[in-house]
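Asks: Could you put the whole structure together from the sequences, leaning on the hints where they help?
Start counting at 1 in the sequence shown, then tack on 51, and there's your number in our numbering.
These are computed hints drawn from the structure, not numbers from a lab.
Do not take every clue at face value.
To be verified - Taking lysine-lysine and the DSS-like style, the derived pairs with C-alpha atoms no more than 27 Å apart in a straight line are: (1) K573 <-> K589; (2) K412 <-> K488; (3) K589 <-> K563; (4) K250 <-> K165; (5) K255 <-> K277; (6) K499 <-> K546; (7) K144 <-> K63; (8) K343 <-> K412; (9) K412 <-> K359; (10) K144 <-> K344.
Model, not experiment: these values are computed from the prediction.
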Amino acid sequence: MIDKFFLYEELKDILYKYQADYPAMCRVEVIGHSYEGRGLLAVTVTNFDAGSPDDKPALYLEGNMHAGEVTSSMVCLYVLDFLLHNSHRSDIKHLLDYYTLYINPRVSPDGAEKYLTTPYTLRSSVRPYPDREVESGLVPEDIDENGLILQMRVKHLDGNWRISGLDPRLMVQRKPDEEGAEFYHVYPEGLVRGYDGGKVTLAKALWGLDFNRNYPANWVPEHLQKGAGPYPLSEPETRAVADYVMSHPNICVALSLHTTGEVALRPFSTADDSGLPRADLDLYGMVAVLAKKSAAYDLIPVFGGLNKGTPSHGDFKDWAYEHLGILSLTIELWEAQVAAGIMPRSWPDRQQFLESEWESKQMALLRWNDQAHGGQFFVNWERYTHPQLGEVEIGGWRRKEVLQNAPYEHREELCSRNLGFILVLASAMPRLKLYKKEFEEVEPGLWKLAVTLTNAGLLPTKVTDKAEAIGIEEVEVRLSLPSSAFLIDGVLVQKLGHLESQGERRVSWLIKAESGSEVVIKASSSRAGKIKHVLHAK
Numbered sequence: 052m053i054d055k056f057f058l059y060e061e062l063k064d065i066l067y068k069y070q071a072d073y074p075a076m077c078r079v080e081v082i083g084h085s086y087e088g089r090g091l092l093a094v095t096v097t098n099f100d101a102g103s104p105d106d107k108p109a110l111y112l113e114g115n116m117h118a119g120e121v122t123s124s125m126v127c128l129y130v131l132d133f134l135l136h137n138s139h140r141s142d143i144k145h146l147l148d149y150y151t152l153y154i155n156p157r158v159s160p161d162g163a164e165k166y167l168t169t170p171y172t173l174r175s176s177v178r179p180y181p182d183r184e185v186e187s188g189l190v191p192e193d194i195d196e197n198g199l200i201l202q203m204r205v206k207h208l209d210g211n212w213r214i215s216g217l218d219p220r221l222m223v224q225r226k227p228d229e230e231g232a233e234f235y236h237v238y239p240e241g242l243v244r245g246y247d248g249g250k251v252t253l254a255k256a257l258w259g260l261d262f263n264r265n266y267p268a269n270w271v272p273e274h275l276q277k278g279a280g281p282y283p284l285s286e287p288e289t290r291a292v293a294d295y296v297m298s299h300p301n302i303c304v305a306l307s308l309h310t311t312g313e314v315a316l317r318p319f320s321t322a323d324d325s326g327l328p329r330a331d332l333d334l335y336g337m338v339a340v341l342a343k344k345s346a347a348y349d350l351i352p353v354f355g356g357l358n359k360g361t362p363s364h365g366d367f368k369d370w371a372y373e374h375l376g377i378l379s380l381t382i383e384l385w386e387a388q389v390a391a392g393i394m395p396r397s398w399p400d401r402q403q404f405l406e407s408e409w410e411s412k413q414m415a416l417l418r419w420n421d422q423a424h425g426g427q428f429f430v431n432w433e434r435y436t437h438p439q440l441g442e443v444e445i446g447g448w449r450r451k452e453v454l455q456n457a458p459y460e461h462r463e464e465l466c467s468r469n470l471g472f473i474l475v476l477a478s479a480m481p482r483l484k485l486y487k488k489e490f491e492e493v494e495p496g497l498w499k500l501a502v503t504l505t506n507a508g509l510l511p512t513k514v515t516d517k518a519e520a521i522g523i524e525e526v527e528v529r530l531s532l533p534s535s536a537f538l539i540d541g542v543l544v545q546k547l548g549h550l551e552s553q554g555e556r557r558v559s560w561l562i563k564a565e566s567g568s569e570v571v572i573k574a575s576s577s578r579a580g581k582i583k584h585v586l587h588a589k
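Replies: This is how it looks when you write it as structure tokens:
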């Protein structure tokens, strides 16, 4: 699973092969179609022989919302592969007997295909947006035809960059009062559409959609949030994901995998924590401990932590939490500077690092590439005669292979620790359990039935206070009697509210029934699952 990043047809074949090999554990469905018509594939993983997947608490896992973040798709496949190949293990068997995982490995199949088969990079979809065509400006292109779009450095008296004195590969910004050196403009490798010999400006991106700005939570239009799309869920991919998640009210936890920063993110993305219920803030605090212990990620809010007060509208995890009450996270899987030992893994320790000198950090990254990877991820600058700009030099980082995604040598470790965190979260979900079943004859033909219902999970049955405020179904117990029996005392259908972790409720009935009569007790919760017990009067 870690040898390569799979193209769509390869990914599709892998998923359907799993379904064929593990028919009792794995089922693939097409939940919608992309802009270019590719099926959006979601996999249900559970022990189907132990109950319907929709009757079990569920974790939703998605990857590749952003086209170039193909490491996230790899982690989804790694989790799927591990669960199926280890379904005989007692801990995994228990997990799949009582819980469901819905895995959507590639939210953006069109974008990922473009990213993996061409030199181009893009955020999400291949649908041109906001404009149908690029009118003018520098458009990224592989002009030297080496299969990569790198950078161009162009000598210019007014350039904002110069070559570092520490390493000729490294470009550093010119100081305001700096003179007496050769200066350069640095651009993406490409051609200038509508070039008139004057100043080079960057063209507006042809593929400007960002699926993670297209969800309904706090959505705002394009002039306020780049990539937002014309309206919430305007794209077939985001609409399909939203419909899928909403059609599975048993989803307790939603994880969206990305690849920038090596940190876990929680709501909110547009406001501080003042609007977060105290109980949910504490819940995320508990998850933060699990994330740190299992995967070495700090868990921080987007607005108050990652973006330092700059809002990100239309975010998936905020939508899942605010609109559905799901415990939702984004996991930023990879950061080259952390892997290189340059950037601290701890988020609080990064603040000083982020303020440190850019040149020294970039030098350290180059040394890591040289020493750990034989220099393979940086292309040395080479002269090239540009058809419009004349003599330039082309070179720079192979960004796709090391800055945006994890190189091969790091993938096993990355996948393994994220698997651990995902399994811990899945095992923490609420789960209804009946125990202390009492069914005794108090006098001839009169039976007292009592059961104790408990939440065997670490999370409460409502999961979040937000879900309770939204009005998700509380725990319900339903008693079914044969036609020959009737209820003397008690209620056939009882609402029990929500149960905290290890919380319990006792329910009792007085029944007039013949010896041997069969009664059925069903307990259900939209998030904590559905269970059924059959008892006989004897």
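Asks: Compare the structure with each hint and give your call.
Replies: Hints and how they fare:
no.	hint	verdict
1	K573 <-> K589	holds (20 Å)
2	K412 <-> K488	violated (64 Å)
3	K589 <-> K563	holds (13 Å)
4	K250 <-> K165	violated (30 Å)
5	K255 <-> K277	holds (11 Å)
6	K499 <-> K546	holds (20 Å)
7	K144 <-> K63	holds (25 Å)
8	K343 <-> K412	holds (25 Å)
9	K412 <-> K359	holds (22 Å)
10	K144 <-> K344	holds (23 Å)
Checked against the numbered hints above, the structure breaks hints 2, 4 and satisfies the rest.
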